[in-house]
Structures are given as C-alpha cells and as structure tokens.
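Please model the complete structure; the sequences and the hints are all you need to start from.
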Amino acid sequence: MDRISRHSQGVEGVRFGDLRIGSLLFADDVVLMASSDRDLQLSLDRFAAECEAVGMRISTSKSESMVLNRKRVECTLRVGDEILPQVEEFKYLGVLFTSEGRMEREIDRRIGAASAVMRTLHGSVVVKRELSRKAKLSIYQSIYVPALTYGHELWVMTERTRSRVQAAEMSFLRRVAGLSLRDRVRSSVIREELGVDPLLLHVERSQMRWQGHLVRMPPGRLPGEVFRARPTGRRPRGRPRTRWRDYVSRLAWERLGIPQEELAEVAGEREVWASLLRLLPPRPDPG
1 MDRISRHSQG
11 VEGVRFGDLR
21 IGSLLFADDV
31 VLMASSDRDL
41 QLSLDRFAAE
51 CEAVGMRIST
61 SKSESMVLNR
71 KRVECTLRVG
81 DEILPQVEEF
91 KYLGVLFTSE
101 GRMEREIDRR
111 IGAASAVMRT
121 LHGSVVVKRE
131 LSRKAKLSIY
141 QSIYVPALTY
151 GHELWVMTER
161 TRSRVQAAEM
171 SFLRRVAGLS
181 LRDRVRSSVI
191 REELGVDPLL
201 LHVERSQMRW
211 QGHLVRMPPG
221 RLPGEVFRAR
231 PTGRRPRGRP
241 RTRWRDYVSR
251 LAWERLGIPQ
261 EELAEVAGER
271 EVWASLLRLL
281 PPRPDPG
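Take 1 as the starting number for the sequence shown in full-length UniProt numbering and just add one per residue.
Estimated spans, in silico, between C-beta atoms of each pair: (1) Arg250 with Tyr150: 19 to 27 Å; (2) Val226 with Ser63: 21 to 29 Å; (3) Glu89 with Leu25: 20 to 28 Å; (4) Arg160 with Arg133: 24 to 32 Å; (5) Arg270 with Phe90: 32 to 40 Å; (6) Glu12 with Glu254: 36 to 44 Å; (7) Val14 with Pro146: 25 to 33 Å; (8) Gln86 with Glu130: 51 to 59 Å.
Dumping the calculated SDA-like pairs for lysine to any residue here, alpha-carbon to alpha-carbon at most 25 Å: (9) Lys91 with Val79; (10) Lys71 with Val31; (11) Lys91 with Arg105; (12) Lys71 with Pro240; (13) Lys71 with Arg235.
Everything labelled a hint here was simulated from the structure, so no lab data went into it.
Beta carbons are placed, not taken as given, at the ideal position from N, Cα and C, and that holds for glycine.
Right, here's the structure in full:
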C-alpha cells in the first residue's frame with residue numbers, strides 16, 4: 001500500500017504551513033486529501049489506477065467523501081462509474097471526525113460507549129455482591145475506562161466536558177462502592193475508599209505526555225511536523241475555536257506552571273517531563 005501511495009503522488013494535497021499532506025496510510029485504510037474537489041478526484045483516479053495495476057481495487061462500499069468546512073460544500077467523487085457518498089461525519093481508526101472539525105460528537109460517542117458497557121456489566125459485574133471490589137475495579141480499568149477514553153489524547157477539554165467525563169467515571173465507581181447520588185458522598189471520598197486516581201488526572205497526564213512526544217519528535221515524523229507547523233490564512237470571524245496546541249500549552253501552564261516560551265525546553269527533557277507528570281496532583285474535586 002505504501003508503494004501504491006508513492007506511485008500515485010503528484011497532487012499537492014492539503015497545505016499546512018510549509019507542510020503538504022496528500023494521504024494518510026494505516027494498513028489498508030487510506031485517507032486521500034486535497035484542497036479542491038478537482039485535485040481530490042485526480043488523486044483518487046491515480047490511486048485507483050495504481051491499485052488496479054497490482055490486482056487490487058478500491059472498495060466503494062467502504063469509501064466515502066467528506067469536506068472539512070463550517071458550511072456544507074458539495075463534493076462529487078467517482079471511482080469508475082460509481083459516485084462516492086458524501087457524509088458529514090466519518091469514523092477513522094475508531095475515532096469519529098465531523099465535517100465541522102469538532103470533537104464534541106466523538107466525546108459524546110465515547111460516553112455513550114461507556115454507558116453501553118455499564119448496561120452490559122451492571123447485573124453480572126458492577127452490583128454483583130459475590131464479586132470482590134478488586135475484581136470489579138480490574139474490569140473498570142481494563143474495559144470501562146478504555147471504552148470511555150479512547151483517543152482522549154487529542155481532546156480539547158472544557159468545563160462541560162470535564163463534568164461529563166467525571167459523571168461517567170463516577171457512575172461506575174459509585175455503584176462499585178455500593179452508593180448512589182442520594183447518599184451525597186463526595187467523589188474524592190469514593191475514589192480514596194476504592195484506591196483509584198481521578199480519571200481526569202489520567203486524561204491530562206496522557207495529553208501532556210503526548211505533547212512531550214510531539215515536542216521531541218525528530219524532523220520528518222509527520223505528527224511532529226504537523227504539531228510544529230504554522231497554518232497560513234485567516235481564521236473565521238467570531239470567537240475562535242481553541243486549537244489543541246493552544247489547549248495543551250495552556251494545560252501545561254495551569255497544571256505544571258510552565259510558560260509557553262519554556263515549554264519546548266522542559267518537554268524536550270524526557271526524564272524531567274516524565275517526573276513532572278508523575279507528580280501531577282489531581283484537580284480540586286467539585287463534588
């Protein structure tokens with residue numbers, strides 16, 4: 001697949017500062033990108049031709065097009081005589097991407113997935129008296145938390161998001177402790193009794209750990225290049241959305257006291273950065 005992608009290059013792709021990205025590859029999952037429908041169709045035609053040359057073909061039943069824009073923009077793409085459906089959201093490698101470029105729908109989906117796990121395990125695990133707390137917490141860590149937090153490293157957390165994630169976390173832990181909201185026991189007390197760290201602490205550590213990886217990535221690694229790139233053009237009018245880079249830089253300042261101008265130097269020291277994250281305290285518990 002990598003060879004097919006190399007041979008089908010020739011379209012500029014999407015410009016991100018000085019960076020140009022025309023495709024993303026993971027096993028046999030391929031994302032083609034371009035700044036216009038004309039260029040994207042050209043890229044798709046070349047890719048389809050290279051696939052056919054080695055006895056492969058694009059699965060049109062599993063292929064869709066999506067335009068990243070705050071307004072709906074029509075994009076008609078064809079593979080042979082077939083028109084690919086244009087969608088407003090697309091799931092790639094387990095993460096939901098939307099045409100507006102927001103992550104709220106993905107976070108909602110994660111919380112929904114965790115709720116589904118809760119419903120499945122409620123009678124047989126969560127409230128089953130014959131099962132020890134240790135076993136229940138092991139299932140919490142190995143099944144419930146991954147369902148809730150998959151892909152969380154790139155979330156932009158707001159107060160509303162933090163509140164919803166904590167509510168989903170405590171929904172499980174409160175039942176393990178044999179309590180309900182009517183008991184009015186603080187979340188911090190329940191976690192202390194069960195011996196677990198706040199889930200939001202895990203999320204923030206992971207986000208800043210990934211930030212450290214990006215800072216230290218050598219030239220040529222695509223994630224690091226995108227992180228360091230400076231997009232051209234103007235942002236839309238109105239209140240600007242918080243970019244992940246800005247969010248995680250602010251997080252390092254709020255939680256570690258590291259100003260943005262010193263961030264690259266501190267995060268560039270792997271052991272120093274890791275020790276700072278290990279010592280990161282929980283946020284004050286609102287309830």
